[in-house]
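Asks: Chain by chain, the residues run as shown.
Protein chains: 2
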Amino acid sequence: QKPRKATPQTGEDTLNGHLPPGWQSYMSPQGRRYYVNTFTNETTWERPSSVPGTPKSPVKPANSPSVLTVNGYHTSGTPVHQFDSGHMSLRKASGDPQERKTLAETKGVLSETSLMINCVTFPHPDVMPEQQLLKPSEWSYCDYFWADKKDSQGNNTVSGFEILLQKQLKGKQMQKEMAEFVRERIKIEEEYAKNLSKLSQNSLAAQEEGTLGEAWAQLKKSLADEAEVHLKFSSKLQSEVEKPLLNFRENFKKDMKKCDHHIADLRKHLASRYAAVEKARKALTERQKDLEMKTQQLEVKLSNKTEEEIKKARRKSTQAGDDLMRCVDLYNQAQSKWFEEMVTTTLELERLEVERVEMIRQHLCQYTQLRHETDMFNQSVIELVDQLLRKVDPAKDRELWVKEHKTGDIRPVDMEI
Amino acid sequence: QKPRKATPQTGEDTLNGHLPPGWQSYMSPQGRRYYVNTFTNETTWERPSSVPGTPKSPVKPANSPSVLTVNGYHTSGTPVHQFDSGHMSLRKASGDPQERKTLAETKGVLSETSLMINCVTFPHPDVMPEQQLLKPSEWSYCDYFWADKKDSQGNNTVSGFEILLQKQLKGKQMQKEMAEFVRERIKIEEEYAKNLSKLSQNSLAAQEEGTLGEAWAQLKKSLADEAEVHLKFSSKLQSEVEKPLLNFRENFKKDMKKCDHHIADLRKHLASRYAAVEKARKALTERQKDLEMKTQQLEVKLSNKTEEEIKKARRKSTQAGDDLMRCVDLYNQAQSKWFEEMVTTTLELERLEVERVEMIRQHLCQYTQLRHETDMFNQSVIELVDQLLRKVDPAKDRELWVKEHKTGDIRPVDMEI
Numbered sequence: 001q002k003p004r005k006a007t008p009q010t011g012e013d014t015l016n017g018h019l020p021p022g023w024q025s026y027m028s029p030q031g032r033r034y035y036v037n038t039f040t041n042e043t044t045w046e047r048p049s050s051v052p053g054t055p056k057s058p059v060k061p062a063n064s065p066s067v068l069t070v071n072g073y074h075t076s077g078t079p080v081h082q083f084d085s086g087h088m089s090l091r092k093a094s095g096d097p098q099e100r101k102t103l104a105e106t107k108g109v110l111s112e113t114s115l116m117i118n119c120v121t122f123p124h125p126d127v128m129p130e131q132q133l134l135k136p137s138e139w140s141y142c143d144y145f146w147a148d149k150k151d152s153q154g155n156n157t158v159s160g161f162e163i164l165l166q167k168q169l170k171g172k173q174m175q176k177e178m179a180e181f182v183r184e185r186i187k188i189e190e191e192y193a194k195n196l197s198k199l200s201q202n203s204l205a206a207q208e209e210g211t212l213g214e215a216w217a218q219l220k221k222s223l224a225d226e227a228e229v230h231l232k233f234s235s236k237l238q239s240e241v242e243k244p245l246l247n248f249r250e251n252f253k254k255d256m257k258k259c260d261h262h263i264a265d266l267r268k269h270l271a272s273r274y275a276a277v278e279k280a281r282k283a284l285t286e287r288q289k290d291l292e293m294k295t296q297q298l299e300v301k302l303s304n305k306t307e308e309e310i311k312k313a314r315r316k317s318t319q320a321g322d323d324l325m326r327c328v329d330l331y332n333q334a335q336s337k338w339f340e341e342m343v344t345t346t347l348e349l350e351r352l353e354v355e356r357v358e359m360i361r362q363h364l365c366q367y368t369q370l371r372h373e374t375d376m377f378n379q380s381v382i383e384l385v386d387q388l389l390r391k392v393d394p395a396k397d398r399e400l401w402v403k404e405h406k407t408g409d410i411r412p413v414d415m416e417i
Numbered sequence: 001q002k003p004r005k006a007t008p009q010t011g012e013d014t015l016n017g018h019l020p021p022g023w024q025s026y027m028s029p030q031g032r033r034y035y036v037n038t039f040t041n042e043t044t045w046e047r048p049s050s051v052p053g054t055p056k057s058p059v060k061p062a063n064s065p066s067v068l069t070v071n072g073y074h075t076s077g078t079p080v081h082q083f084d085s086g087h088m089s090l091r092k093a094s095g096d097p098q099e100r101k102t103l104a105e106t107k108g109v110l111s112e113t114s115l116m117i118n119c120v121t122f123p124h125p126d127v128m129p130e131q132q133l134l135k136p137s138e139w140s141y142c143d144y145f146w147a148d149k150k151d152s153q154g155n156n157t158v159s160g161f162e163i164l165l166q167k168q169l170k171g172k173q174m175q176k177e178m179a180e181f182v183r184e185r186i187k188i189e190e191e192y193a194k195n196l197s198k199l200s201q202n203s204l205a206a207q208e209e210g211t212l213g214e215a216w217a218q219l220k221k222s223l224a225d226e227a228e229v230h231l232k233f234s235s236k237l238q239s240e241v242e243k244p245l246l247n248f249r250e251n252f253k254k255d256m257k258k259c260d261h262h263i264a265d266l267r268k269h270l271a272s273r274y275a276a277v278e279k280a281r282k283a284l285t286e287r288q289k290d291l292e293m294k295t296q297q298l299e300v301k302l303s304n305k306t307e308e309e310i311k312k313a314r315r316k317s318t319q320a321g322d323d324l325m326r327c328v329d330l331y332n333q334a335q336s337k338w339f340e341e342m343v344t345t346t347l348e349l350e351r352l353e354v355e356r357v358e359m360i361r362q363h364l365c366q367y368t369q370l371r372h373e374t375d376m377f378n379q380s381v382i383e384l385v386d387q388l389l390r391k392v393d394p395a396k397d398r399e400l401w402v403k404e405h406k407t408g409d410i411r412p413v414d415m416e417i
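Respectively, the protein sequence lines represent chains H and R. Under UniProt numbering, the residue at position 185 of the first sequence is numbered 185, and the numbers go up by one with no gaps. Under UniProt numbering, the residue at position 240 of the second sequence is numbered 240, and the numbers go up by one with no gaps.
For reference, chain H alone in the conformation it holds in the complex (with noise of 0.2 Å):
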C-alpha cells in the first residue's frame, strides 16, 4: 500500500512528469523547489535523476534520518558545518550581512513581518508571505497542522502534531474492534453449525422408505452438508480476516510514543533557544542604552577619558549584536529541525494512515467473499436434495413395498358343496 501519487501542482506537470516513480517536486516557503520521496519521505534540494544509481546529495543511508531542506536551511546530522550554510542562507534572506542595525529598527522589523506563538516563529498576517502548500489539493497532513489549539476544555494548549497521533490511535483502536466484531461472528457461525449438524444427526423419520426415504435423508444430511460450510465460513473468516486485523501493527502505540516524544522534545528545544534569544536582545538593549548615554556625556565635557569609555561601550554593544544575532541563528537552527521532523514524520503518519484504511479494506472484501462463497456453497448443497425429490414416486415406493409385505395374491372363491 503506497498512497495515492499526489496530484502534480499547476506549473510544474512537465516537471514532476519525469521524476522517478514515487518522487514528487515541491515548493518551499521561500519560493524554492525541493523534492520528496513519497515512499522514504527522503527529501532534497537536488531533482532526482531517473537513471538507477545515480547518487542524490545529500546522500543518506537508509535507515538515517530522512534529510529535508527548508526555510532556506540545509540541516542534517552535522549542526556545526550545517550552521555556516544556514548562517549564510540567513544572511542572503534578510539583505546585506555588514549592516547593523538599531535597537528601533530591529524591534519594527520583528513586529512587522512576523508572528510569535508558543515559540514558534509565524509570519504576521498583515505582511504574510505567499505561502504554497507543500502538497496541494492533497490535505496532506503536512500542510494542515502547524499551529497549536486549545484542547476542548480550553485550559491546555495541544499541538497539532498530537492531533494526528490520537487520530493515528483512534485508527488502531478502530481496527482492533472490528477483529473483536469478527470474532463475535465467529462464534454464532460455530453455534448455529453446531445446532444443524446435531439436528442432521436427529432419527426423527428415520424409517420413512422408498424414494421418499432417500429424499428426505438427503434432506437430514444437507443441514450436516450447511453445518460444514458454515463451519469452513468459521475458520476462514479467523484465519483471513479477525488475525490479520488482529495482528497488524502490533507494536503501533509504542512507536507513536516515540513520534511523540521526539516532536515534543524539539519543540521543548525550540523554546530555550527563544528564551536565549529574548536574553541577548535585553542585553543588546541595555549596551545600546550605555552606549547613547556615555556619547551624550561627551557631549557635555571632552575629555580622553570619556572617549576611552565610548569606543568600550561600542565594542561592548558590537558584541552584543553579534551575540543576538548568534541566538537567532541558533533559534532559526531548532525551529528547522523541527518543522523538518514535522513534515517528515507527518507525511509518514498519512502513508501508515492510508495502509491502514487500504488494509481494512481488504480484509473487510475477504469477509463478503467468504459471505459469498457461503451462500453458493449452501445452494449446492440443496441441489442435491432437490434432485432426490423430483425422483420421488408413490407408485414406484409401492411397488418396493408391496414386494416386501404382500401376504398372498390368490384370491378366495365360492364354497362348494
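Mixed in with the good hints there might be a few duds.
Copies of the same chain look alike in the list, so a pair counts if it fits in one copy or across any two.
Unchecked claim - Pairs of lysine-lysine, DSS-like flavour, derived with a Cα cap of 25 Å:
| hint | residue 1 | residue 2 |
| --- | --- | --- |
| 1 | LYS167 | LYS403 |
| 2 | LYS406 | LYS257 |
| 3 | LYS220 | LYS243 |
| 4 | LYS170 | LYS403 |
Think of the hints as simulated: they come from the structure by calculation, not from any bench.
Position chain R against the provided structure of chain H, taking the given hints into account.
Replies: Only chain R this time, still in chain H's reference frame:
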C-alpha cells in the same frame, strides 16, 4: 391427488379406451368383466356409459357403501332379495340345481377344488383356476393382501389388511416426525437470527470515519438484514412446511380404526357363517347315516312300518341337504361382502398413501425453495456492503478528517533581527 391411472390390461385396451374418466374394467375371479370407478371405488357389472346422466344399475346414492359384484354374487343393501340372485348364480357356478350329491361326493368336491384357511375359501393349489390380477402392473394393495400372516413372534396371525393399516399408521407417524424435524430447524434459525441482530446492534468500531466508516456501518447493518432473512425463512418454514405437515389428516388414526373394525367384523361374520355350514354338514351326515340304516333294515324284514320310516328319513335327509345348501349360500354371501370391502377399502388406502407421499414431496420441495430464497436474499444483502467497500478512498477520508481537525496551514518562517 388421485392414484395414477391404471395401465389397461392386455386384451381390453380398446374397451378401456372408451370408458368415462376414472373408470377401469377388470376381470372377476370367475373371469367375468366388471368395472371400478377409481375415484369413488364404485363397482358394477354394467359397462358405464360415457353419455352423462345415463343411469348405471345398481343405481346407488353417492354416500351409500359402494357396491361390488364378485365371485358371481351381486350383493347390495338388501340381502334377502339379493340372496336369490346370489343363489341362482351359485347354482350356475355349481351346475344343475336339482342334482343331489352324496356325502362322499360332497367331501370329495370340497377337498379337491378348494382350501379353507382361517374360514376363507381359496382355490386348491392343484386345481387352481387362472386368476388374473385386478390391477396388473400396478402392484395394487387390492391384489396382494388376501392371505393372513403369522406375526413376527409367530403366535397370532395378522390379516393382510392389518399390515396395510400398519403401513398407513406408520406413514402418519413419519409425517408427524418430519413436522417435528422442521420445528427444530425453525428454532435453530430463530436463535441464529437473534444472535446476528444482537451483534449488529453492537457499537464496536462505531467511531470509524469517512468512506471506510460508511462501509463498516453497512457491514454491521448487513447482519441485521441477514437476521431478517433468516427470520423470514423460519416463519415461512412454520406456515408453509411445519403446519401443513402437522395438520394433514388430523383424525387419520380414528378413521383407520373404523376401517379396521369394519373389516374385522366382516371376518367374524364370515367365521360364524362357516361354523353354521359345518354344523349343517354334520346334521346331513347324521340324516344320511340314518337313512342308510333304515334301508338295510328294510332288506332284512319287510313291514309297512319300516317303509314309513324310510320315507320319513329320506324327507329329513333332503331337508338337511337344503339346510346345508342355504348355509353355504349365506357363507358365500358373507365372504363376498368381505371381498368387496377388501377391494374398495384397500383401493382407498392406496389412494391415501399416494396422496400422503405427494403431499410430503410438495412440502419438502417448498422447504428447499425457501432455503434457496434465503441464500439469494443473503447475497443481495452482501451486495450493499460490497458497493460501499468499492467506494472506500483513503485520500477522500483524509480530506474529510483534515477539513474537520486542521489546526493551521501557515508554516513558520525564520525569525529576523
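Asks: Could you run down the list of hints and mark each one as holding or not?
Replies: Hints and how they fare:
Taking identical chains as interchangeable, the C-alpha atoms of LYS167 and LYS403 lie at most 25 Å apart only when they sit on different chains, with a minimum of 13 Å there against 78 Å within one chain. Within a single copy, LYS406 and LYS257 get their C-alpha atoms only as close as 87 Å, which misses the 25 Å cut-off; across copies the closest is 21 Å, which meets it. When the C-alpha separation of LYS220 and LYS243 is checked against a cutoff of 25 Å, the pair qualifies only between copies, where the shortest distance is 19 Å, while the shortest distance within a copy is 34 Å. Taking the shortest Cα distances, LYS170 and LYS403 sit within 25 Å of each other only across copies (18 Å), while inside one copy they are farther apart (74 Å).
Violation of the numbered hints given earlier is absent; every hint is satisfied by the structure.
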